[in-house]
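Those protein sequence lines, which keep their order, are chains A and B. With this note's numbering applied, the first sequence has no gaps in its numbers, which climb one by one up to 975 at the end. With this note's numbering applied, the second sequence has no gaps in its numbers, which climb one by one up to 178 at the end.
I should point out that these hints are in silico values taken from the structure, not numbers from a laboratory. Be aware that one or more of the hints could be misleading.
[As the list claims (entries may be wrong)] As a list, the in silico DSS-like pairs of lysine-lysine whose alpha-carbon atoms are at most 25 Å apart:
hint	chain 1	residue 1	chain 2	residue 2
1	B	Lys106	A	Lys306
2	B	Lys20	A	Lys306
3	B	Lys114	A	Lys108
4	B	Lys94	A	Lys324
5	B	Lys106	A	Lys108
6	A	Lys306	B	Lys114
7	B	Lys87	A	Lys134
8	B	Lys20	A	Lys324
9	A	Lys47	B	Lys151
10	B	Lys164	A	Lys47
11	B	Lys29	A	Lys134
12	B	Lys112	A	Lys306
13	A	Lys134	B	Lys106
14	B	Lys20	A	Lys108
15	B	Lys20	B	Lys151
16	B	Lys164	A	Lys306
17	A	Lys108	B	Lys112
Predicted model, so just to flag it, every value in this text is computed and none were measured.
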Amino acid sequence: MNSLYKIISLIFLSLCLQGQTPHFSNHPFSVDFKNTIVNTMLETQDGYIWFGTSNGLFRYDGLEFKHISKGDSLLLENITALFEDDKQKIWVGTKTGRIYNLKKHQSLRHWDIEEGNPAQKITGFAQTADGVLWISTYGEGVYYFQNGRLFNLDEEDGLLGMEIYTMIRQEENHVLLATDAGISDCQIKNGQGQIHSLSTDDGLSDEIVKTLLKGQNGNFWVGTYDEGVDFWDAEKQSFQRLIPEWDHGEINQLEVFQDKELWIGTDGDGLFRYEFLTKRLQKIDSPFFENTKIYDLHKDVEGNLWVLNNKAGICSANRQFEQVQHQLGNIQAVLIDKQNTVWLGTPNGLFQMSSLQNGQQEFKSIFPNKEINIISLFEDVNGMIWIGTFGQGLFCLSGKEHGLNYEQQKLEFFSKEHGLLNDNILSIDGSDKTIWLATLGGVFELDISKTFDPEKVQFRNYTHDDGLGTDFIYKTLVDRDKRTWFATDGKGISVLDQGKITNYPKANGIPLKAVYNITEDQQGLIWLSTAENGIFSFDGTNFTQLNVKERIRDLEITSMITDDLGNILIVHPSGIDILNPQTKHLIYYDEEVGLENLEAVLNAVAKDANGNVWIGAKNKMIRYSALNETLEIHPRTQIEQVNIVFDPVDYQEINSFAYKQNDLVFDYVGLWYSNPEKVEYRYQLEGYNPDWIYSKDQKAHYSDLRPGNYTFKVTSTENGAFDGEPIASYTFNIEAPFWQQIWFLILVGLLLLALVYAWTKWKSQRIQQEADLQKERVESQLEVLKSQINPHFLFNSFNTLISLIEDEPELATEYVEKLSDFYRSLLQYREKDLIPLQEELQLLRNFDFLLEKRFGKNLQLEIPDINGRVAFVPPLTLQMLVENAVKHNVISKSKPLKIKLEIKDDKLFVTNNLQKKLTKEKSTHFGLQSIQSRYDLLGTKDFRIEETEKEFKVTIPIIGET
Amino acid sequence: MKSVSLIYILVFILLTQGVALGQIYKSTEANVYFKSDAPLEIIEAKSQNLQGVIDANKRTFAFSIPISSFLGFNNPLQQVHFNENYLESDKFKNATFTGKIIEKIDFSKDGKYTVRAKGKLLIHGVSQERIIKSVLEIKNGKILISSSFTVLLDEHKIRVPKIVYQKIAKEILVNVDAVFEELK
């Protein structure tokens, strides 16, 4: 058996040549813009990608193109240059020299300046650290905009040419211009343009420089018309020609990745890649780029490469994944040896894949014409290749390590006679002294520390009897601490440490059951993938589980490997999850990077010397290179627009709305160009939604929001895990309607207070009035009483009474009765405001009786009869007037006093003839005043006193029925 | 003769661009040949009426050729078609190429130089910016220029009826050989 393999093996056979390329996908425009030429692109700080085309400016979110308008209409000019300045303003230059500006959430505006726009094609913009804005043109040299003025630099200022292909910004306020006669290095110093030239005299390979690419530390690359690429070494101050024999014509664009490779876009010969380390120049085999003119190359923040060309328009590829097609069928085992040769184990034997100088991959068959089902591969410390088969034993290829060619190499075969009791070798690993085989008959150990003699090889077997959980072992791994780990079928993991086997059938109480794969991360944690329970990490004491709940895409995990950056690649048949073991953040990759139908095999991943991971799949090899650059790992979420009652609002400025502006629509986006279809959102309106709302839409609508404070928050994810993703938010408030606002309430309160105040004021006035009336009344009563009990009156009355007693005793009795009636009436009426006129007249008649007895016929008082008329007067008014007349006038036989009472309409007249006493009676003038004020208080103003020489007349209004 | 007056116009154009320090070269002999290599019919013709001037100091140049001066077609009908249908030579009388030589060559030194001439190529009234490679041989004060380039019909809006589409290649190969002497 052994010799048989020796005879048929080791025949060199070249199979196929294939280029290795990233998986490019196309981003087509809608049918309306089918023939649009995409000239240039821009990635802005907010994460958007913009395209300048023959039909205007478009913004792209990975799914849709938004045509940018200018005012009310679309701008359909041919856009040749795009730039974002330090204030996030986008500059747009056209083929005809026009310049437009675009600010966020606004439409394009023509850059209207005094000096006017150039008349030739704008080829670029740049802004130097001193704030100077540079504009390069094809035909008018370069313009610079400083302190609000536009200046020009042309050939007369020392520019090498007026036709500038490309402009880039360099350190310390310099810009470099690519012209037909070399490179012009410009800067503005003290308001003067200073130009320094770099041409063929300085070692430039070609006069015509078409493009420039900024490198680090002042270095830059030069793409020329005929001579390929030059590299300017700033330290040596010289140009180096990069590619000796360049015959692919004009170079339009350059882009660099990780200082490892330069991408070169030509003007008609498609796309190339140059690897600095290997000096390989590879033409990118893709139907998208064949014989095309490349207009722009761009590396985005996620690590995607964008290519604009004249046939396919916009294409992009994830630069982390590349693939090589082959016809070897399923790859079951991958090994990369110390010479960086890739070995591939298949059901049909062993193959080698090696890179050629032109970037293509060559596949060679090592075991031709023989069906050997290879499922595991390992290179030991001595450089020997160990080949494990399924049911066909173990092979070892030696001689390669001594630099022997294939004819001199030896292939050894090991089987039962060497103690290898099981010939299903599922996995091989080893240390500097030992090789470990995982088989379906336990574990086998081989000491390789002594000189290798195939005849004396003897394997040592560990089985269930030696303490292993089971004899079916899928995987073996020797960790950095020289512990040997075994993944078992049904009994979890086992570890052999210093001759002692420890089994871990359970993790935190969960039965591990079948474990397929084991890998060690950079922190020394052991990671294992199980058949049913996802992934566990193990620090020697504790297990941590990662399951579908933790966003592992699915539980079908075929293999795992740790990359150079420390991330763990979890390979599923449907794609790859890249797990950051510290943050547990996962990124999914699948068909968009060319990953699909990965075979469920255990050993088809391996890492090469450059840190690339190779994954074997059906008829292709996938290469994953962890880009060392800082890349975005989250979709960039932002609120795009806020509509209030269907009108967009400048939400960055305005955050307060009236109560009626309570219908809000939020447009938001999560930019993830690597896989835009996968982006999902969750949002919440704090103050309205108690929880997050999960959605695939880029829109949230709220209507009839009540007044209050709100915060709209949105976040997006590409892998279903929202925790830790950045949040975009917008805080605003909806004001209460004016009738609920404090100022209105205060106003109403004040008004109410004023009303109450006015009412109480009025009320108190009324009370005062009442009191005054009362006081008047009391005073008048007092006066009347005073006057009636004044000694004169009593004295006169008593005098009269005395004479009557003597002369007419009967009349005297009547007199006393009338006098007492009179006084009773006075007492009776003093409390009242008004009394019937009838009663007042009765009182007056009593008074008249008393007066008549005193004055006889000298006093004539006429009292009318009112005939049942209902009328009122304040009490004692008439009595007081009559008494006044008696008091102030002479009453004698010769001069009788005539007092006359008349009623006319609603007025009562009291008239007496005026014959004033010479000695004036002492008077308080209270009587008339009292009547006057009582009438005032009653609201009747017609009380009038008229005095002529002969007559004294008082007019009293009669108050009708109340 | 129209072509003679043209040369002075060309010289004038060059002179007005700045003060020339002598060193104006003028074409004395020229052969222009073009060929359209279509599957069904080959069209080819020649002209010797190319006029050109070169300002050696400024490395600027101007060439002109009357379209109707092309002779030697395979048959007279072809010539009629060429002039009337395709190039419309009564409307667009001349083809011109004016511009600048990119390489800084020393016209006083004998030798063979490969240069690129960048300029505006005007054919059929449509101007296209082109960079055309030429071999320049300087010998005893004379300049021998030989150049070969292609003209795309599309680029110059030369419309070919569909029926004869197959007769005419979309690309026309042009060869120019000319001798220049210093103008004194």
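Inset, instruction - Mind checking the alpha carbons of Lys87/B and Lys134/A for me, to see if they're no more than 25 Å apart? - result: Violated - the C-alpha atoms of Lys134/A and Lys87/B are around 29 Å apart, more than 25 Å.
Legend entry - Pair hint Lys47/A and Lys151/B, alpha-carbon separation not exceeding 25 Å: Holds, because 22 Å separates the two Cα atoms, which is no more than 25 Å.
Legend entry - Straight-line alpha-carbon gap Lys94/B to Lys324/A, limit 25 Å: Violated: Lys94/B and Lys324/A sit about 31 Å apart, past 25 Å.
Legend entry - 25 Å Cα cutoff - pair Lys134/A, Lys106/B: violated (36 Å)
Legend entry - 25 Å Cα cutoff - pair Lys306/A, Lys114/B: Satisfied, since the Cα-Cα distance of roughly 21 Å is no more than 25 Å.
Inset, instruction - With a cut-off of 25 Å on the C-alpha distance, tell me whether Lys108/A and Lys112/B pass. - result: holds (20 Å)
Legend entry - Pair hint outcome, Lys114/B versus Lys108/A [Cα-Cα no greater than 25 Å]: Satisfied, since the Cα-Cα distance of roughly 17 Å is no more than 25 Å.
Legend entry - Straight-line alpha-carbon gap Lys20/B to Lys108/A, limit 25 Å: violated (36 Å)
Legend entry - Given pair status - Lys108/A, Lys106/B, alpha carbons within 25 Å: violated (38 Å)
Legend entry - Agreement of Lys106/B and Lys306/A with the hint, judged by alpha carbon distance not exceeding 25 Å: violated (32 Å)
Inset, instruction - For the pair supplied as a hint, Lys164/B and Lys306/A, confirm whether the alpha-carbon distance does not exceed 25 Å. - result: holds (19 Å)
Inset, instruction - Take the C-alpha atoms of Lys29/B and Lys134/A, compute the straight-line distance between them, and say whether it is at most 25 Å. - result: Roughly 34 Å separates the two Cα atoms, so the pair is violated.
Against the hints set out earlier in the document, violations occur for numbers 1, 2, 4, 5, 7, 8, 11, 13, 14 and 15.
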